[in-house]
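Throw the hints in and build the complete structure from the sequences for me.
The chain contents come next:
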Amino acid sequence: MKTNMLQKAAIGALALSLALPAGAAYAEDSIYVPLFTYRTGPFAGSGTPIANGMHDYLTMLNERDGGIGGVKLAVDECETGYDTKKGLECYDAVKPKNPVIVNPWSTGITLSLIPKASVDKIPILSMAYGLSASAKGDVFPWVFNPPATYWDGLSEILKYSGGGSIDALKGKTIGYLYFDAAFGREALPFFQSLAKDVGFNLKLYPVAPADMQNQSSKWLDIRRDNPDLLVMYGWGAMNPTAIKEAVKAEFPMDKFVSIWWPNDPDAAAAGDGAKGFKELNWHGAGANYPALADIQKLVVDAGKSQTPKDQVGQVLYNRGVYNSMLIAEAIAEAQKITGKTVVTGEDVRRGLENLNIDDARLKAIGLAGFVSPVKTSCADHNSHSATFVQQWDGAKWVKVSDAIAPDSAKVMPLLDEAAKAYAEKNAGWPARTEPCDNK
Amino acid sequence: MFYREAGQYKTTYAADMAIFPIRQDRYGMAVILVVAFILIPAFGNQFFLNTMMIPFLTLSLGAIGLNLLTGYTGLLSLGSGAFMGVGAYACYKLETIFPQVNILVWIIVSGVFSALVGVVFGLPSLRIKGFYLAVATLAAQFFLQWCFARVPWLVNFNDSGAIEVPTETLFGLAVTGPTATPVTRYLVVLTIVAAMTWIASNIVRGRIGRMWMAVRDMDIAAELIGIRLFRAKLLAFAVSSFMIGVAGALMVFLWLGAAEPEAFDIDLSFQLLFIIIIGGLGSIVGAFFGAAIIHLMPIALRALPALVGLSIDAATIDQLTFMITGLLIILFLIVEPHGLARLWQTTKQKLRVWPFPY
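So the protein lines, in turn, are chains G and L.
Residue 419 in the numbering used here is what sits at position 419 of the first sequence, and the numbering runs on without skipping anything.
Residue 20 in the numbering used here is what sits at position 20 of the second sequence, and the numbering runs on without skipping anything.
Hints were generated in silico from the structure; no laboratory data involved.
Quantities reported herein were computed from a predicted structural model and do not represent experimental measurements.
Be aware that one or more of the hints could be misleading.
[What the hints assert, rightly or not] Partner residues aside, some chain G positions facing chain L, computed with beta carbon under 10 Å:
hint, residue
1, R39
2, T48
3, E89
4, P206
5, A210
6, G428
Here a beta-carbon is modelled for each residue, glycine too, at the ideal position from N, C-alpha and C.
Take a look at the structure:
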């Protein structure tokens with residue numbers, strides 16, 4: 001009955017498989033860097049500037065320096081739409097081309113890829129997202145999440161709001177408005193344990209992914225509870241919606257602090273009412289850095305990018321640049337360690353583990369003052385860097401605090417525990433066998 | 001000329017009632033099985049197995065399950081995504097509580113849990129029909145998804161709220177987890193899907209299938225000729241949810257490797273529904289056709305520009321794929337509103353009289 005068509009379908013599929021990317025033509029003398037991006041879907045608002053930033057910095061290196069260490073970078077975008085299934089499709093598509101690193105740009109995709117990294121020998125750079133516990137290099141040798149984890153970020157927000165100490169928040173009511181998926185829930189266990197230890201009253205306002213643009217009911221609750229501080233972990237369309245709702249609900253902006261993901265247009269969309277909105281950040285805003293000027297000149301003005309001219313220097317654009325700066329530095333470090341020019345995923349893993357981007361190095365790459373130094377080690381894949389608070393003044397972000405270090409005394413024990421729990425729950429989690437270069 | 005049964009005499013009832021009474025069909029089936037079990041694993045590369053075949057088979061199984069309910073029994077369900085989730089979470093819990101039992105046992109057993117949940121949410125079907133039932137199953141979708149996100153016990157209190165798949169072996173070979181090769185996983189999925197398809201095709205040919213179809217075509221008439229609606233409908237929910245649940249377990253354990261509650265959202269329910277609508281309601285083979293259109297066609301479209309040497313931005317390709325896929329689906333439905341399965345049937349009918357149609 002059902003044969004010939006199936007037969008044809010099977011043969012057709014087979015023919016297609018043979019034609020599909022069986023080792024696409026990437027020259028031996030280039031380093032393949034796939035970028036998982038999302039310029040489509042409900043998170044395109046956040047994903048597009050990041051994709052632009054990542055793409056433009058690497059393209060600029062190709063244009064200005066001819067790549068890294070004389071080797072061109074083969075930069076290739078794969079569209080994930082922030083969808084885990086499509087992310088895995090991208091991963092399988094790029095794997096035969098020997099990528100030296102992957103940037104999942106989604107906590108969901110990161111979680112699916114973490115177990116694969118050590119098997120496929122492709123390091124994962126989940127820059128300040130993904131699994132907080134993956135900061136522990138002895139348990140997760142292939143996963144890197146500099147410069148800070150979501151738990152560090154939370155402790156920094158609370159420290160800032162408590163005037164330098166989390167304990168000052170005792171007895172206060174703190175609201176947590178979060179994206180109700182792996183990303184927003186990541187901070188939850190730490191938040192809850194802090195609430196118990198410090199003694200503040202934690203109110204939860206989860207926003208389901210389907211309701212990102214429909215938060216009215218949450219804001220009714222927020223008005224009723226009137227928290228002394230509202231912490232937001234939002235992404236995509238959730239950020240501008242929350243800021244608009246806050247303006248509508250006349251929620252005092254000085255009590256509203258977000259983790260590092262809202263972009264300039266997210267705040268600008270809410271108009272003048274958004275003045276005073278605060279978020280964490282760890283790198284410079286604006287385009288007044290030599291490297292960004294080079295991007296403007298060699299990439300954007302030359303028409304080699306999809307970036308609109310005025311978007312160079314936005315917070316999330318610069319976040320993308322920062323991400324690519326880490327990739328480039330890891331590759332450069334890998335070249336230094338191994339003496340090879342064309343490095344592999346295994347080499348770049350060593351590079352990521354030995355990052356030491358100090359002020360001198362930042363100056364050399366044209367990003368002096370862009371970020372505070374980052375240093376990783378075999379045990380610490382994160383560097384737990386300090387961040388600062390910036391405030392929206394209606395037109396741009398203004399830095400309003402000094403560097404705030406995370407509350408390591410509170411974060412570290414939980415991090416150890418979480419990494420241990422992950423290894424235990426995933427029976428047969430491989431013990432670290434990768435040698436360490438910086439004992 | 002080549003595809004006709006003239007000269008093939010059947011001398012026993014068994015031969016007359018075979019699944020494939022025509023010799024050419026039997027040969028064709030054998031060829032498909034050889035291709036699927038031998039040629040594809042031998043020659044398919046990792047991308048083909050991981051990204052195309054495993055999801056294709058998994059979705060096909062889910063669609064077969066939904067087709068038993070919607071296509072054969074006429075009960076519209078929008079909760080199939082959540083039932084896949086029940087299978088996946090049941091498999092995860094069973095696996096972590098009893099790790100010594102083989103994972104394949106748990107993949108099958110997880111279908112039983114999905115069947116039980118399916119029966120509970122199938123109860124309203126005795127009173128309501130059509131769109132109203134769709135709304136009732138929609139409630140199942142939202143309630144179950146809420147459970148996946150809110151009951152930490154289901155994810156073993158993982159901080160991320162996601163389930164992660166540990167490495168499990170069969171005859172010393174890893175079948176789940178990162179070390180499992182795509183070929184192993186593909187063969188496991190293929191075996192399970194082939195077995196389930198065989199069972200489903202026999203169910204719908206027999207007494208139970210006829211009972212379901214009678215209920216679908218007119219339930220009062222079915223009741224009058226002695227079919228107990230209560231049992232027929234709940235059985236349909238149970239068998240359908242069982243297959244969907246197994247598909248869910250396959251999806252997490254052999255395809256994705258980790259899953260958040262969002263993996264089982266309403267989009268997945270719609271995806272399965274579209275697969276059976278495009279493939280053909282009330283047809284087993286239609287589930288495969290539909291899954292090919294919904295899952296494989298976009299991948300092929302995405303690969304196309306690179307193959308012909310065009311360099312288009314990844315995002316643009318994605319947008320184009322959306323649009324072209326949508327257009328093609330509309331086109332298919334205009335050409336054949338009863339789905340690809342009917343198109344295939346018509347083709348076969350024409351093939352019989354080819355090249356001398358009368």
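Evaluated hints:
1. R39: Result: holds, 4 Å to nearest chain L Cβ.
2. T48: Holds. Min distance 8 Å.
3. E89: Constraint on E89 of chain G satisfied, holds at 5 Å.
4. P206: Since the shortest Cβ distance to chain L is 8 Å, the answer is holds.
5. A210: 7 Å, holds
6. G428: 5 Å, holds
This entry satisfies every hint, going by the numbered hints stated previously.
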